[in-house]
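Chain by chain, the residues run as shown.
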Amino acid sequence: GQQLNQSPQSMFIQEGEDVSMNCTSSSIFNTWLWYKQDPGEGPVLLIALYKAGELTSNGRLTAQFGITRKDSFLNISASIPSDVGIYFCAVPLLRGGGSNYKLTFGKGTLLTVNP
Amino acid sequence: DSGVTQTPKHLITATGQRVTLRCSPRSGDLSVYWYQQSLDQGLQFLIQYYNGEERAKGNILERFSAQQFPDLHSELNLSSLELGDSALYFCASSVGGRVDTQYFGPGTRLTVL
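Top line first, the protein sequences correspond to chains A and B. According to the numbering used here, the stretch in the first sequence is residues 1 to 115, in order. According to the numbering used here, the stretch in the second sequence is residues 1 to 113, in order.
This is chain B alone, in the form it adopts within the complex:
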């Protein structure tokens, strides 16, 4: 158990819908990272927040957004969902902004039908 929690574990929805994925980082970790894992693209970095502020952006679509709240939990919002958005979404956290010491959560499997 990494100490990072993600909910829900599975999510099935339809094209065009909007969903919110939630992540709670390890106790004391200020940074939260979001990743998308799919068969064709592999594990791709989406976005990082540090203590409530956006720190770095990766290959995140405009239809996707994220935020980190004062209690440090984070949410990833995916809107106007397409079939190709079906993937595993991982959250990771680290102390400070060190990207090389990230702990990953168990992931949310999103299926868009």
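The shape of chain A in the complex, shown without the other chains:
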């Protein structure tokens, strides 16, 4: 199946630091999604990107859709303890007719923030 390479696998940072994580693939996608999963909860959509080169912010979070359409980046500025969780990238795969039909997820980046 389709493989998304998400890195780093885990990060341990101090409160107030900025964080960067990314997802790469050998395939081109028309949409990149970033989710966060809090402990004991389901994933929550943070940011959706629909255009190559697009840069979108959601509060302290900023995500970019890579120009090659094969990668995406998520940055968190001035981290706080509630940023702790697992961050996933995801892309929709296409049916033969060109419509999106299912999501495939990266393995996730586990973020720990030390107060």
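Since the hints were derived computationally from the structure, they do not count as laboratory data. Even for Gly, the Cβ is constructed at its ideal location relative to N, Cα and C. Watch out, some of these pointers could steer you wrong.
Quick list of simulated restraints, FRET-style, between CB atoms [claimed, not checked]:
#, chain 1, residue 1, chain 2, residue 2, range
1, A, LYS70, B, SER38, 24 to 30 Å
2, B, ASP71, A, ILE80, 36 to 42 Å
3, B, GLU82, A, PRO8, 31 to 37 Å
4, A, THR68, B, THR111, 39 to 45 Å
5, A, LYS51, B, GLY96, 18 to 24 Å
6, A, ARG60, B, GLY16, 46 to 52 Å
7, A, GLY16, B, THR7, 38 to 44 Å
8, B, SER38, A, PRO8, 32 to 38 Å
9, B, PRO70, A, LYS70, 38 to 44 Å
10, B, ILE12, A, THR68, 27 to 33 Å
11, B, HIS73, A, GLN9, 33 to 39 Å
12, A, THR112, B, THR111, 23 to 29 Å
13, A, GLY16, B, THR20, 42 to 48 Å
Keeping the supplied structure of chain A fixed, place chain B upon it in accordance with the hints.
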């Protein structure tokens, strides 16, 4: 709170048994998706239903089946359970069939002993 509900929250059972997981989508959402999350496989799409009809299939084992009822709630049936089926099972829902706007439920943690 995403508006998607799943029951039960935890389920402990033995190998060879059968269990049913239940999901109620957000009000107005016609699509329901099921996912399995395990440490080794990550978050894997299993199956999607749209307004009662199967819409898409992922890596769902033959021992697993799902259905969506007229009131739009969905059930995931897991049979002949094996130790490796222990995982978190998530349901998600979306308006229409848009896979990029899914809202996830809190999950059911299944432990097979």
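Results of checking the hints against the structure:
Between A/LYS70 and B/SER38 the CB atoms are about 27 Å apart, so this pair conforms to the stated range of 24 to 30 Å. In this structure the hint that B/ASP71 and A/ILE80 lie 36 to 42 Å apart at CB holds, the actual value being about 41 Å. In this structure the hint that B/GLU82 and A/PRO8 lie 31 to 37 Å apart at CB holds, the actual value being about 32 Å. In this structure the hint that A/THR68 and B/THR111 lie 39 to 45 Å apart at CB holds, the actual value being about 42 Å.
At about 21 Å, the CB distance of A/LYS51 to B/GLY96 agrees with the hint of 18 to 24 Å. The supplied range of 46 to 52 Å is met by A/ARG60 and B/GLY16, whose beta-carbon atoms lie about 49 Å from each other. A hinted range of 38 to 44 Å holds for the C-beta pair A/GLY16 and B/THR7, which are about 40 Å apart. A hinted range of 32 to 38 Å is violated for the C-beta pair B/SER38 and A/PRO8, which are about 21 Å apart.
B/PRO70 and A/LYS70 have their C-beta atoms about 42 Å apart, which keeps the hinted 38 to 44 Å range intact. Between B/ILE12 and A/THR68 the C-beta distance comes to about 46 Å, which lies outside the given range of 27 to 33 Å. At roughly 36 Å, the beta-carbon separation of B/HIS73 and A/GLN9 lies within the given 33 to 39 Å, and the hint holds. A C-beta distance of roughly 25 Å is found between A/THR112 and B/THR111, which places it inside the suggested range of 23 to 29 Å.
Under the hint 42 to 48 Å, the C-beta atoms of A/GLY16 and B/THR20, about 47 Å apart, fit the expected range.
Taken one by one, the earlier hints fail for this structure at numbers 8 and 10, listed in ascending order.
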